[in-house]
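Participant: Sequences are here, hints too, so could you generate the full structure?
Each number in my numbering corresponds to the 1-based position in the sequence shown with 255 added.
FYI, nobody ran anything at the bench for these hints, they're computed from the structure.
Just so it is clear, the structure is predicted and the values come from calculations on it, not from any experiment.
Note that beta-carbon positions come from the ideal geometry of N, C-alpha and C, so glycine has one too.
Heads up, a few of these hints could be off.
Straight line, CA to CA, 20 Å or less: simulated PhoX-like cross-link-like pairs of lysine-lysine [claimed, not checked]:
(1) 615 to 639
(2) 581 to 492
(3) 968 to 938
(4) 639 to 578
Here are the computed distance ranges between Cβ atoms for each label pair [to be verified]:
(5) 759 to 875: 54 to 60 Å
(6) 413 to 534: 25 to 31 Å
(7) 659 to 794: 44 to 50 Å
(8) 390 to 466: 16 to 22 Å
(9) 703 to 565: 53 to 59 Å
(10) 413 to 659: 20 to 26 Å
(11) 395 to 835: 34 to 40 Å
(12) 571 to 316: 22 to 28 Å
(13) 330 to 796: 55 to 61 Å
(14) 368 to 479: 37 to 43 Å
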Amino acid sequence: MKINKIGFSITAAVMSFGMMSAASADTNSVEQPKQIEIKVASTENTVTKNDLIKKLNEVFPNKFNFLSASDFQMSRGHYYPEDKTVRYDLNFSKKVQGKDVYGYITFVGEDLEIENFDYQPANVADALFPAKISKEEAQKIAEDFIKKFPNGEQYQFDKNNSDSYSYYSNNLLTEPIRYSFSFIRTKNQVEIFDQRIHVTVLGNGEIVQFYSYPMASKSVGFDDVQKVKNKDEILEKIKENLQVQLQYQINYEYPYDKRTVELVYSPSGQFTGVHALTGQWQTESGFTQDLPKAKEIETIVPKPLAPRQEGITPDEAKNIAEKLLKVDSDEITLTIDSVEEQTDYNGREVYSISYMYNYKNGGHGTVLQIDKNTGELIDYYDIKNDVLGELGKTDNKNKITSDQALTKAINYLKEYAPSYLHEYALPINEPYADEVSGIYNFSFPRVVNGIIVSGDGIHIGIKFDGSLNSLSISHLEFENWPSTSNIISEEEALQRFKDGLGLKLQYIMQGSNDEESHYSLVYTPIFNDKGTNSFDATNGEWTSMFNEKDYPVISHPTAEQELNYLIQNNILEVKDSSFNADATITKGEALKTIVKSLTYFYDEYNIRYEEQVHPQTFENIGPDHPYYSVVEQAVSMGILNPNNQDLNTSALVTREELAVWYVRALGLEQAASHNDIYKLDIKDAKEVTYTGYVALADALELLPTENDLFKPKENVTYAELAVSTIRLAHKVYENRVNGYRYY
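Facilitator: Printed below as a string of structure tokens:
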């Protein structure tokens with residue numbers, strides 16, 4: 256098993272570990288190229304499936320006794336360009352009590368430490384709201400678990416990175432509560448920047464996920480914390496040299512990878528921190544005594560270049576790949592496994608080409624992508640050197656300079672992706688030179704209206720011998736880019752950053768090799784006490800590329816817990832804490848709450864989807880109606896009867912109407928429709944129209960009677976809806992099939 260742990264790129268590490276600081280102000284590298292997995296042929300594997308199962312059971316004794324060896328599947332070994340440590344994946348899937356149970360585990364290194372763990376138990380009913388355990392109890396479980404790791408006692412709880420988030424606009428009431436915790440390793444009471452473990456505990460106390468960041472090489476050196484310079488001295492040094500830059504910042508809003516763009520001010524990317532012992536500036540290239548000068552924005556080419564080709568076929572894409580991947584060796588055979596037409600995360604039509612280099616005792620493989628409409632290369636990593644290295648045939652050629660590498664990079668871009676280049680600028684900062692892998696890494700930022708776009712760039716790697724190592728192009732489309740009129744001045748912005756400047760002392764790896772690594776003590780700038788490194792140039796509010804939201808807290812004598820849970824999970828929307836939960840609710844808002852409780856929901860997406868799938872159900876509720884997507888979703892779920900001509904979403908909903916919706920949501924409409932088989936033993940039975948629905952809603956304790964009264968015509972309040980919707984979610988979970996969501 257080959258182990259060759261390399262150093263982190265400073266900026267890549269910033270983004271990987273969520274530490275928003277001056278380091279992340281490098282406008283060229285906010286959008287990092289995606290991680291490329293390089294497969295190792297099975298003939299090279301020295302690890303067996305039983306080895307992995309044994310290690311799993313050591314970490315989780317007796318947890319997976321219900322599984323046999325035949326229930327597990329092991330994938331071939333793989334590694335990544337930036338980390339040559341071989342990893343092995345183990346997964347399982349099995350029906351337990353009629354429900355699917357699955358798990359996925361990644362083992363890393365010679366000791367097969369578990370790096371990634373993802374588990375879906377059969378039954379998590381006791382983890383639904385209200386959860387069996389509190390967040391504090393879950394944290395204690397996570398802390399005890401961390402102690403099982405090597406050096407686990409050196410990790411401390413990191414409150415700032417332990418809040419869970421959703422990839423959707425709303426969380427479901429039918430899904431278990433998940434408590435997410437982050438722990439960071441320390442040395443001499445100082446955080447080690449890239450040593451972190453994340454743990455997820457369900458509301459029933461079961462650990463279902465964790466991920467540990469790759470450890471440094473076995474021989475690690477650390478700066479002496481007793482020799483750090485005075486913090487105030489470094490703070491003044493940074494203030495005197497701080498500069499800000501106007502940028503377009505791409506923000507990510509989940510669900511469905513929704514992206515928005517805004518004008519922000521961020522610190523320029525001249526430096527990422529200051530060495531705490533020497534006072535030298537920390538840059539992407541390392542430590543330097545002199546502060547690098549900020550470069551002017553200069554596009555790669557002044558005018559648009561023609562695309563490489565005007566549309567290509569799968570065969571043409573295959574031919575392009577074969578020429579690019581050709582290797583001059585009789586001992587290596589190139590195999591194109593597949594050419595698949597896909598749409599990438601930027602909405603581009605691409606050909607995804609899977610290939611493999613095979614040789615006598617093994618092989619390596621990965622994927623590259625070519626733009627279908629232009630024939631241009633948009634995602635590529637060269638693994639030929641890895642293959643040649645296994646055969647002992649790598650050449651030690653002379654190392655070119657960074658300037659020569661930049662010229663090579665531009666020439667490769669003109670050859671493989673010419674139509675993009677007029678929208679991208681030459682690198683603002685120096686390249687990151689990876690001495691271990693022998694690669695110069697360049698970032699070419701996107702430019703719109705003469706302004707750098709933070710979160711969009713071309714990333715290209717040039718080997719020290721001048722050959723192309725990697726190429727990745729992110730190109731995000733927006734119809735409207737914010738105007739620069741009426742924005743805050745640069746002078747005011749700079750003062751805001753100086754006023755909000757603070758420092759955080761961290762151990763950060765600055766280079767490594769096969770034998771040893773060294774962590775330097777660095778003062779990293781943070782702003783606004785939260786690590787936020789930009790603020791909106793229009794309104795002057797501190798902002799983040801991942802939008803955060805503050806939720807109002809509601810007080811209520813009987814439904815406070817339920818109301819706040821719905822609010823915090825984006826199911827119920829209220830403006831502020833003065834919200835009256837005892838107010839009656841309209842049909843439109845009630846439907847919206849029910850739909851968002853049971854399904855992942857996003858208005859804009861659902862409107863597009865419903866228009867494509869079928870015409871509108873109700874004559875008075877078309878695509879321009881505020882509740883159109885809610886109503887159509889409710890129809891598809893069976894909650895609403897599509898036979899009605901009109902639906903008045905502004906009318907108040909009654910308890911009886913709510914009972915009908917709940918019973919339909921459970922798929923029990925046919926049983927409820929036989930009114931003659933039900934007898935309502937309540938005082939107001941004569942007021943009930945839909946006897947079967949009310950009887951079932953009462954029997955299932957969704958809308959139970961009080962003092963022998965159901966009150967069918969009484970209007971429902973927000974508080975009543977909150978409590979009853981959670982009851983409904985529990986019933987939906989009980990009736991779901993095979994462990995998947997009911998809808």
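Participant: Evaluate each hint against the coordinates.
Facilitator: To see whether the hints hold, each was checked on the structure:
{"no.": "1", "hint": "615 to 639", "in the structure": "holds, 15 Å"}
{"no.": "2", "hint": "581 to 492", "in the structure": "violated, 52 Å"}
{"no.": "3", "hint": "968 to 938", "in the structure": "holds, 14 Å"}
{"no.": "4", "hint": "639 to 578", "in the structure": "holds, 13 Å"}
{"no.": "5", "hint": "759 to 875: 54 to 60 Å", "in the structure": "holds, 57 Å"}
{"no.": "6", "hint": "413 to 534: 25 to 31 Å", "in the structure": "holds, 28 Å"}
{"no.": "7", "hint": "659 to 794: 44 to 50 Å", "in the structure": "holds, 45 Å"}
{"no.": "8", "hint": "390 to 466: 16 to 22 Å", "in the structure": "holds, 20 Å"}
{"no.": "9", "hint": "703 to 565: 53 to 59 Å", "in the structure": "violated, 25 Å"}
{"no.": "10", "hint": "413 to 659: 20 to 26 Å", "in the structure": "violated, 42 Å"}
{"no.": "11", "hint": "395 to 835: 34 to 40 Å", "in the structure": "holds, 38 Å"}
{"no.": "12", "hint": "571 to 316: 22 to 28 Å", "in the structure": "violated, 55 Å"}
{"no.": "13", "hint": "330 to 796: 55 to 61 Å", "in the structure": "violated, 46 Å"}
{"no.": "14", "hint": "368 to 479: 37 to 43 Å", "in the structure": "violated, 29 Å"}
Going through the hint list in order, the structure does not satisfy hints 2, 9, 10, 12, 13 and 14.
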